[in-house]
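Novice: Residues per chain, in single letters:
Number of protein chains: 2
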Amino acid sequence: MAYNKNDRRSRTKGRPTLNEVAHRAGVSPITASRALRGVATVAEELVRKVEEAARELGYIANPAARALASAHSQSVLVLVPSLANQLFIDTLEAIHSVLRPKGLEVVIGNFHYSREEEEDLLRNYLAYQPRGLLLTGFERTESSRRMIEASGLPCVYMMDLDSGSGLHCVGFSQVNAGAAAARHLLSRGRQRIAFVAAQLDQRTLLRGDGFRRTLQQAGRYDPAFEILTPRPSSVGLGSELFAQLLAAQPQIDGIFFCNDDLAQGALLEAARHGVKVPEQVAVLGFNDLPSSAFMVPRLSSIRTPREIIGRRAAEQLLDLIAGKTIAEPVQDMGFELVLREST
Amino acid sequence: MAYNKNDRRSRTKGRPTLNEVAHRAGVSPITASRALRGVATVAEELVRKVEEAARELGYIANPAARALASAHSQSVLVLVPSLANQLFIDTLEAIHSVLRPKGLEVVIGNFHYSREEEEDLLRNYLAYQPRGLLLTGFERTESSRRMIEASGLPCVYMMDLDSGSGLHCVGFSQVNAGAAAARHLLSRGRQRIAFVAAQLDQRTLLRGDGFRRTLQQAGRYDPAFEILTPRPSSVGLGSELFAQLLAAQPQIDGIFFCNDDLAQGALLEAARHGVKVPEQVAVLGFNDLPSSAFMVPRLSSIRTPREIIGRRAAEQLLDLIAGKTIAEPVQDMGFELVLREST
DNA sequence: TTGTAGGCGTTATCAT
DNA sequence: ATGATAACGCCTACAA
Chain A
1 MAYNKNDRRS RTKGRPTLNE VAHRAGVSPI TASRALRGVA TVAEELVRKV EEAARELGYI
61 ANPAARALAS AHSQSVLVLV PSLANQLFID TLEAIHSVLR PKGLEVVIGN FHYSREEEED
121 LLRNYLAYQP RGLLLTGFER TESSRRMIEA SGLPCVYMMD LDSGSGLHCV GFSQVNAGAA
181 AARHLLSRGR QRIAFVAAQL DQRTLLRGDG FRRTLQQAGR YDPAFEILTP RPSSVGLGSE
241 LFAQLLAAQP QIDGIFFCND DLAQGALLEA ARHGVKVPEQ VAVLGFNDLP SSAFMVPRLS
301 SIRTPREIIG RRAAEQLLDL IAGKTIAEPV QDMGFELVLR EST
Chain B
1 MAYNKNDRRS RTKGRPTLNE VAHRAGVSPI TASRALRGVA TVAEELVRKV EEAARELGYI
61 ANPAARALAS AHSQSVLVLV PSLANQLFID TLEAIHSVLR PKGLEVVIGN FHYSREEEED
121 LLRNYLAYQP RGLLLTGFER TESSRRMIEA SGLPCVYMMD LDSGSGLHCV GFSQVNAGAA
181 AARHLLSRGR QRIAFVAAQL DQRTLLRGDG FRRTLQQAGR YDPAFEILTP RPSSVGLGSE
241 LFAQLLAAQP QIDGIFFCND DLAQGALLEA ARHGVKVPEQ VAVLGFNDLP SSAFMVPRLS
301 SIRTPREIIG RRAAEQLLDL IAGKTIAEPV QDMGFELVLR EST
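Chains A and B supply the protein sequences, listed in that same order.
Terminal number for the first sequence in full-length UniProt numbering: 343, no gaps in between.
Terminal number for the second sequence in full-length UniProt numbering: 343, no gaps in between.
Quick caveat, the hints were computed from the structure, so don't treat them as lab data.
Mixed in with the good hints, there may be bad ones.
Stated by the list, open to error - Away from chain B, derived, C-beta distances all over 12 Å, residues of chain A:
1) 38
2) 179
3) 308
What the hints assert, rightly or not - Stretches of chain A that chain B covers, calculated by requiring three or more beta carbons in the stretch to come under 8 Å of a beta carbon on chain B:
4) 48-62
5) 80-92
6) 228-236
7) 260-266
8) 285-299
Being a predicted model, the structure only gives us computed values, none of them experimental.
Glycine included, C-beta positions come from ideal geometry on N, C-alpha and C.
All chains, please: the whole structure from these sequences, using the hints.
Specialist: Quick look at the structure:
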């Protein structure tokens, strides 16, 4: 019997193909395919044979061929604004932990807080035909929105909540979190309360809104007590802004920082200048990063449930991919005020 | 003229294909392909036409089809041990900045300091037929080594140096860095010098070796002044280990931490207990993370050139992919002692 | 410089 | 329950 050129039984180099597995198992390629994917009805014994053949050959499916034939890859595209913020690393880990066991690859796109970059990432990565999308927040370009819509892909939005839109989202109310921060500082008897924010992404701004509104309602809002800068958040920036704020407004007795790294920098700067925290000025952070608990004084913060958000968002996406209807498209995971020594 | 079923001129749904671009430009698909990739010799005017057609159609090549036909994707696989360490984020950013403009996608694999996980990642991601590999360090399983070898892919090793092997690597001598740390502490007149390390990956251990050897040569080595733990490095752990070490060995007057986060934790713990740094005990970190410069006192550290390492490694890989011969397969990027207030 | 033919490895569709 | 056949969209090889 002559082998035709498509027959790979005798091939000795390169990775094994489904064909070879099929031959070794004595079945047709399509049966091997089905057996390996656990779909449809394949006789138990055949499944066993195929799996054995695959194992012996060290067979691993070619994702490109698979994607081409099925018109979709086994990946999920996750877009985050930064990798420098531990917040998103934690989120990614959580996502990973639920998607990986399901055989889905997590493709990470870092858009550096740039809407244009996010748009580019979408344009490029959508071409990979991912199974679903995990996006951060609701703020993006019109083009991005259209591409997401046009892709028809299941999509879950993380970190923020948006009840009106009908979008699937898992997060917490940024506005409420900001309000809670203000209420806490107020409850500590603080009178002249500042807000310091960097990066100025949508969520930061919403936090600021909630914070500001609460202060206003308490008759304690002063726009001079606000520093907003688009510069990237960091410990160094926190030190700098703290010094700047206290120099300009020495009477301030409470500060809410939009992220823990800023607050940590403030704590450090305060120590350097002998400013007593919380006696002279209370410092409240946001996100509760791991190191915050070890600052001097230990930083009070608002803990955001990024692990749960990541997990739930991934699970919800899994359901969407499976075609299930989501009972609760808007999942509020809340947040937690973590009181330590700095407030 | 009847359209055959392969003819997509009239197709109205789904993403545009190369065929459609070709038709619109009035050329054959292969010419369109060549024009878009900028390969071979295609008449300038045809290139223009094809590009215009592609733009009008919003054409984006299907990576799966491309990978299947060409037997390789447009991705580079980068394997790092952690995303929680800013060190690797910086490295990834640098890699990104050189590979992205060349049209290469950076696929990130986080192996969580686990050799087994790295092996899994290789097994899975090699199936994607990346153009090249960017790996961290030299420590891995035999299987991993074999897979890398068998893949025949260009590969550059980052962070450490290994002159004997003939492997391409970009990094610095971990041993020398450890030695430099010891020499510095010694030069500060420290007599009882400790070494605190977590994670215990190969590079950390090598740093320890260099550090230890230098102390031994100076007659100042005491094994009781060493804490090695496989637990993950963090600020909190640094605080804990510092307290533990000083309780057990109060006479210690200098400590080298294998990573800045540990050193930062130590500084915080010292402040909490009124231990004077550097008067009573000098604290030296490693990597020089951004926040270290803002600690109280400002942390002395050894700055590792991860940005340059990432960039150079990526550039070297690009050369390898292009089939160029590398003049300097081993690139020592050095390190820098950053003296601040803690030593 | 351009085009033709064929195949890359897998899965969907339709039979059996 | 299993298989034959034909795509999937692009690129390599070779031919013109």
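Novice: Now look at each hint and say whether the structure bears it out.
Specialist: Comparing the hints with the structure gives:
no., hint, in the structure
1, 38, "holds (18 Å)"
2, 179, "holds (29 Å)"
3, 308, "holds (18 Å)"
4, 48-62, "holds (count 3)"
5, 80-92, "holds (count 5)"
6, 228-236, "holds (count 3)"
7, 260-266, "holds (count 3)"
8, 285-299, "holds (count 6)"
Every hint from the earlier list agrees with this structure, and none is contradicted.
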